[in-house]
Amino acid sequence: MRECRSGPGGERNDDSGQEFTKHYNLERESIPIEPTTVDGDCMTSATATDRHFSLAPSSPLAPFLAALEEQFGCLVEPPQEVIRTYYDSFDWRLLDGGGRLWHEQEGRESRLFWSGSVQIEWRQRGAVPRFSWDFPHNAMRSMIAPLLEMRALLPQVKLHLTRHIIRILDQEQKTVVRICLEENRVAVPHGEEGSVLPLAVRLEILPLRGYQEESAALHRWLTTLPYLHKSAPDLLEEALAVTGEVAGSYSPKLHFHFTPEMSARQAACEIHRFLLAVMESNLAGVQGDIDSEFLHDFRVAMRRTRSALGQIKGVFDPERVAHFAQRFAWLGQITGPTRDMDVYLLGYCDYRDRLPKPLRSDLDPLRDFLIAHQRQEQRQLAKQLEGSEFQQLLTEWRDFLTHEASHDGGPTLGEVVDRRIDRLYRKVIKEGKAINDHTPAEALHELRKRCKKLRYMMEFFQSLYPAPEISRLIREIKRLLDHLGEHQDLEVQAEKLRHFAHQMAAEGEVSADTFLAMGMLVGDLLRQQQQKREDFYQQFSSFAERRNRRLLNDLVTQRGELT
Amino acid sequence: MRVIGVYNIKGGVGKTSTAVNLAHLAAESGLRVLIWDLDPQAATTYYFRVQAKVRGGSKKMVRGKSELGDLIKGSDYPNLDLLPADFSYRKLDLLLDDSKHPTSQLSRLLDPLGCEFDLVILDSPPSISLLSENIFHVAEALLIPTIPTTLSLRTLEQLYDFLHKQQLQSLQRLPFFSMADRRKTMHQEMMQQLPRKYPEFLTSWIPYASDIERMGIHREPVTAFGRNTLAGRAYQRLWEEVIGRLRLRVKG
Ligand SMILES: Nc1ncnc2c1ncn2[C@@H]1O[C@H](COP(=O)(O)OP(=O)(O)O)[C@@H](O)[C@H]1O
Ligand SMILES: [Mg+2]
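Chains as they are written, first to last, in our numbering: chain X, 1 to 563; chain G, 1 to 252.
Among the hints, a few may not be true.
Stated by the list, open to error - Selected chain G positions facing chain X (in silico; Cβ < 7 Å):
| hint | residue |
| --- | --- |
| 1 | K73 |
| 2 | G74 |
| 3 | D81 |
| 4 | R108 |
| 5 | D111 |
Said to hold, decoys possible - Covered stretches of chain X (in silico footprint by chain G; criterion: 3 or more residues with CB under 8 Å from a CB of chain G, positions within the stretch not fixed):
| hint | stretch |
| --- | --- |
| 6 | 207-217 |
| 7 | 507-516 |
To be verified - Here are the simulated SDA-like cross-link-like pairs (lysine to any residue), alpha carbons at most 25 Å apart as the crow flies:
| hint | chain 1 | residue 1 | chain 2 | residue 2 |
| --- | --- | --- | --- | --- |
| 8 | G | K73 | X | H52 |
| 9 | G | K73 | X | L276 |
| 10 | X | K174 | G | S210 |
| 11 | X | K174 | G | A52 |
| 12 | G | K73 | X | H219 |
| 13 | G | K73 | X | S117 |
Everything labelled a hint here was simulated from the structure, so no lab data went into it.
Glycine included, each C-beta is placed from N, C-alpha and C at the ideal position.
Just need the whole structure built from these sequences, with the hints factored in.
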């Protein structure tokens, strides 16, 4: 990974923007992975699982403790009360990536744990970091950063643990093995303060070095107890199961299961309702400015909504469609400026890295400008989203979908979709073929719009087509879209940067060095855009090759032939 | 891994008490600590309630057949492990003499444990022997408990002489007063005189305290059962001074 360190002038002194700088990694650095102790965080390999037991939920604890005391000499230490909070992003990226991050508070002792391919424990002071770049450069950060990316950590599940350490003693009253016994409760999500649900009692054998035989004896004895399970469920999974929460229940990805015979209206309603739910799930995060991804997901769902409105033809009343199309276009407008600023800030390190090292700090005023304007736009956006105009759109749209979903009739999905995809594809091929080296950039932008519509249609209705074929075509169009997207983004960014330069000049004193640095950046972006432009022909040819065209043609016509 | 020896030519001066309590405090401060009971009297082993090995261990160890790590016992305290005494240490000198590099045998034995422990504390038997020479070679510093008497002055001189002759100047010396009784005039005088002659004397000292004797009844470090007693606090001050002198990196 390249380094992007802020130079001596890189530290902001006024705290006005401080809070906001944290939303983006503006100080990207390479992250060293240290296998051993790093500044108080230490890493060990995964612990053995066969030391874990759990008590059947209905069985009481007292008989077990009595049996234990009868069998072994033991000493029970005073219980420890621990509050354990699992942290993850809104969309559970850490869990998806095979890791868990939790915080434990025991009295004044505060520690963070990472459990994945390795176990890391970090004695951390103060609040749990919100973004991966808020962590010090320790091993934990190097595990979390690639999974979490730009997302914020949120407290997801809160547990109350009562931990009893039971020591098994020999004749000398020397501890030879310990048992960690936990009585756990999970806080009811969105429940009243203090309302909890019980979890299974769990046991872990903690062997002591040099006393393997004693551990083995305890293990043997525990396995003879009928009311003990020889394993303990994963604590997080158990807690989620008990509260009925589903980790990763939020996903903006499309997974529809449609059939060609179903009503196109019903399918459209299902798509729109799903997209509306995505927007609604992200709304609080957008308003609270928790991280930039909320707005991103919100806007993707909104764009898909607009596309579906336009492309699934003949199912709703055209007048209503026109009305909602206009309302969602408005929503696109009011959310755009904040997203733009987010994009510049997220890509800020890449901008810096484009410049020669000595010039990088010249760009700092641009960063400050972006931060200030992101904040402004964000504030305005939050206000808009609270306003009656947006609230009314939500209600109207929800009511409309409920109403539409309640009656049948109209064309079947197969008819509508095959025709639409066929049409869009033909247009894409035709428009793309018409582009040569002298065509204005506008044509490429138009082509991109068309491709996006096609892509969304294919994604909405994947389930109508054989999987390998449709996946291949989606992959192809995504590749072309990425190319067109980069081409357009580079142009927009270069244009925007020039615009920012004028705005910065108007807003206050900015040194000529900053403008020169920005100028270099603009040049670099445009050069890269030119490169993309030159590569277009090859990209498009590969997309439009005969094999793909025939594949699509087969997909959209097979139904007619079969029936 | 840092290695400290607790040593004095004389017995009964507080070596074992020092080793046990400092090891406990070091482990509490977050260091991964190994205390090695090199005295066949096995007092350290007894304080930690571990049974001393009766036979065989040391012979195999020096011959390189057995891993030192296999003999380690976890203590009742987190981060603190013990290498128990082995009654056959009596013959250890003979065995060490057998080998090619007789004074670096402890070093060789400890090497493989380098990444498991941050600090090793050696509790040694009195007298100068091949074993103590091994201790001088492997340790970076010697903690020397010294009772403030004229006799102690002589034994300290003897030790320094020996270290000088053996060219062991690089071994740090950390003498400190042990079992000191301010009511005794001789103790008072020696506590004035000795640091003038030996400026490396630590300023913290361990008073004569019955709580330390009671460690034998409790079978626990006084820093565990009587943290805030006079003795407990004295050991804490001593430990803090050792941290400073040796620039030990303790967490938290
Ligand atoms: N500061 C002290 N005050 C009172 N008694 C002590 C003190 N230090 C050690 N003792 C006692 O003196 C005896 C010898 O101490 P020990 O630490 O075993 O010395 P060594 O290891 O040098 O032989 C033990 O009974 C111990 O309890
Ligand atoms: Mg002793």
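Here's how the hints hold up against the structure:
{"no.": "1", "hint": "K73", "verdict": "holds, 4 Å"}
{"no.": "2", "hint": "G74", "verdict": "holds, 4 Å"}
{"no.": "3", "hint": "D81", "verdict": "holds, 6 Å"}
{"no.": "4", "hint": "R108", "verdict": "violated, 21 Å"}
{"no.": "5", "hint": "D111", "verdict": "violated, 17 Å"}
{"no.": "6", "hint": "207-217", "verdict": "holds (count 4)"}
{"no.": "7", "hint": "507-516", "verdict": "violated (count 0)"}
{"no.": "8", "hint": "K73(G) x H52(X)", "verdict": "holds, 23 Å"}
{"no.": "9", "hint": "K73(G) x L276(X)", "verdict": "violated, 62 Å"}
{"no.": "10", "hint": "K174(X) x S210(G)", "verdict": "holds, 24 Å"}
{"no.": "11", "hint": "K174(X) x A52(G)", "verdict": "holds, 13 Å"}
{"no.": "12", "hint": "K73(G) x H219(X)", "verdict": "holds, 19 Å"}
{"no.": "13", "hint": "K73(G) x S117(X)", "verdict": "violated, 29 Å"}
Of the numbered hints given earlier, the model fails hints 4, 5, 7, 9 and 13; all others are met.
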